[in-house]
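> One letter stands for each residue in the lines below.
2 protein chains.
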Amino acid sequence: MPGRLLSEAHVRHGNTLPVTALQRSYGELNPPDRLLLGAGPSNVHPRVYKAFISPIVEHLDPYFSEVMEETAELLRCVFRTRNRITFPISGTGTAGMEAAICNVVEPGEEVIVGTNGFFGERMKDIIERCGGKPIPLTERWGNAIPKEAVQKALSSSKARTVALVHAETTTGALQPLSDIAKITRQYDALLLVDTVTSLSGCEIDIDALGIDVCFSASQKCLNCPPGMAPITANERAMEKIRNRKTRVHSLYFDLSVIEKYWIESNRVYHHTAPILLVYAMREALRIVQEEGLEARWQRHRCNMETLTEGLEALGLEINAKENPCPSINAVLVPTGISDARVKSTLNNEYGITVSVGLGALRGKVLRIGLMGMNSTQRNVLLVLKSLENALKKEGFTPKHN
Amino acid sequence: MPGRLLSEAHVRHGNTLPVTALQRSYGELNPPDRLLLGAGPSNVHPRVYKAFISPIVEHLDPYFSEVMEETAELLRCVFRTRNRITFPISGTGTAGMEAAICNVVEPGEEVIVGTNGFFGERMKDIIERCGGKPIPLTERWGNAIPKEAVQKALSSSKARTVALVHAETTTGALQPLSDIAKITRQYDALLLVDTVTSLSGCEIDIDALGIDVCFSASQKCLNCPPGMAPITANERAMEKIRNRKTRVHSLYFDLSVIEKYWIESNRVYHHTAPILLVYAMREALRIVQEEGLEARWQRHRCNMETLTEGLEALGLEINAKENPCPSINAVLVPTGISDARVKSTLNNEYGITVSVGLGALRGKVLRIGLMGMNSTQRNVLLVLKSLENALKKEGFTPKHN
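Same order as they appear, the protein sequences are chains A and B. Going by this note's numbering, the first sequence opens with residue 81, and the numbers climb by one from there. Going by this note's numbering, the second sequence opens with residue 81, and the numbers climb by one from there.
So that you can see chain A by itself, here it is in the shape it has in the complex:
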């Protein structure tokens, strides 16, 4: 176990490593076969793998320029937006979150942020790091943020940005956005939304709702490898960004600069796009387009309903019963049962990866995701039966037995 070796080395030698640790040989990669039904990543679609190994060209090659155009067009379809500023950020979902916030928020500015899960808390952290002053709307992890709370915060502060998580991966809750979007507009504020776990799996229409900035990630309902974060911003948001008093502290995430590389026809170098990941993203979006967004949303909704019914039939309780998310479900672990052991059994004995709880829900829930191509009746049956067996192994008696 190289992991163990290295950890011992740390303990013995403080912050540098012994030279011996640098001289061993390494075998071929041989990852286990896992069905990824956790909080993400999901499995990568075979067609996406295929796109992935296409010949690499230069980031400024005319061919790649076409691929970028097409990827941006396809992203607009999946976001349901006509926003010109629509492209993938070259980083993971957290990079997308940081890009969204660091462009919109200026130092000293108040920002309303829903903190009803790990990723809402993370947005609050990033707002603070950008010099903003978060106004947190706190809710139980599993509830949505009520529109009344948003209205009250907007009317009693100078905040002109509201940041919310659409599908809170850590709680299983889906945030209703329609009324909040209207209220936010009434106050001439921007609405910034995290759709990392929802994009292409849960119904959302950026332009129809009036969402101003939205980001997502490649590795959830899109079945792409992790490493890219789609983002879109409308003209209201870009106007605020272009009129900033201070420069965006990050060059890597500065939308006004990336725009010149990703969107303008006379592309100006900003960074070397992760070319093969862009190939992958384009193929994943093509698959979404072939299925159709409505059909895809419907499929996610149906399969998650079946899963929920099955979990309740086992006698388990759903954490976000009020606002269930079609792509992720957090189910409470029965008293006395170890989430880590159940996860471990599923991983080792069934080759199925689910996720344990994070933050306030650590040790309290197991999270089951049905994302993109993984949202099938077959997988619902499989995870229900495997989970039942794993729970029984820990002494749990299912209700229906």
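Just so you know, these hints were derived from the structure itself, not from any lab. Don't take each hint at face value.
Lysine-lysine pairs mimicking DSSO-like chemistry, simulated, CA-CA at most 30 Å apart [unchecked claim]: (1) A:340 to B:213; (2) B:444 to A:340; (3) A:444 to B:340; (4) B:213 to A:325; (5) A:479 to A:444; (6) A:262 to A:325; (7) A:325 to B:325; (8) B:401 to B:232; (9) B:325 to A:213; (10) A:325 to B:238; (11) A:320 to A:227; (12) A:238 to B:325; (13) B:213 to A:213; (14) A:320 to A:340; (15) B:320 to B:238; (16) A:473 to A:401; (17) A:213 to B:320; (18) B:227 to B:213; (19) B:227 to B:238; (20) B:340 to B:325; (21) B:130 to A:130; (22) B:473 to B:444; (23) A:444 to A:401; (24) B:401 to B:473; (25) B:320 to B:262; (26) A:213 to B:340; (27) B:213 to A:320.
Starting from the known structure of chain A, arrange chain B on it as the hints suggest.
Chain B in isolation, oriented as in the chain A frame:
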């Protein structure tokens, strides 16, 4: 041409796009076959492609944990360091640069930075965005920064960080570091070095030289796809980082937080690592290890010498004659000849990608890279003959004819 379609749409409709642009269908990817002998990316090694399509597992899977350990160990070998803090940042080379700078530099702090090329200028920009006060050491694009300039700047300022580019991709110059590293230590300052274009292709030994922070990129001499940026920081640097008065403005790039995910044995979620890119990086590093670093450096040096002799035999002038870099060469374009047309001929007629000039060298140079597996005698012969033909097409008469 979708590109054209979309650009026209922009002109006609301002900042949103017509709905029609969102409804066409997209064919299969079919990239042209290119030999990438420009400033990067280089071609991806076939074994790296193979690693790339290995089954994806979760970012917290015990198997992936081993892969992370091994990747960090292999990175230590290629950096020649025993630094505990050694891992790939989940972004491109610019992300590595930003991570290095935003962790080390605090607002208001003076930082000495070599500005003798595009990437030195970029470091200056990022230092400013982080609130630092750059003290630029300016040199002709093609020269190295003299040690005397560094000494003078250290003795006449409060700066305790020196930032330099090892292999300046835009000029073809290699920066000597040995004396500068000693001087920097004498002043108890940190030395931060960009090895994006040099790592594994040009001799560098982080620990022996006494470099404190160093970052690179996956897509140059490592023949990985773009999207990862190896970084290493020693205990002197980490001590400065841990004692910061202000928080790092970026959560995504905060080394003290990423450390808990990448290095500590009890991994705490920070972001979803780009798992397949990590597989790719591990395989690329294994290939480096099999060849041996010295042999690899030697191969890059020999092939670049042959290329340089060949270019001079054609009657062309090398931009960085004094400090030539073994992985990249900037050759001056003869008067009256269009760099863009030569590049285009090489790309379209020979399937060879070289790079045009950037910044101060725009329109003045062509850049030929021999990186990783692309550094071969065969490619040297091929690019010399193709370039000769492409130049002749533009009316240039080679010297040796």
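> Run through the hints listed earlier and report the numbers of any the structure violates, in increasing order.
none
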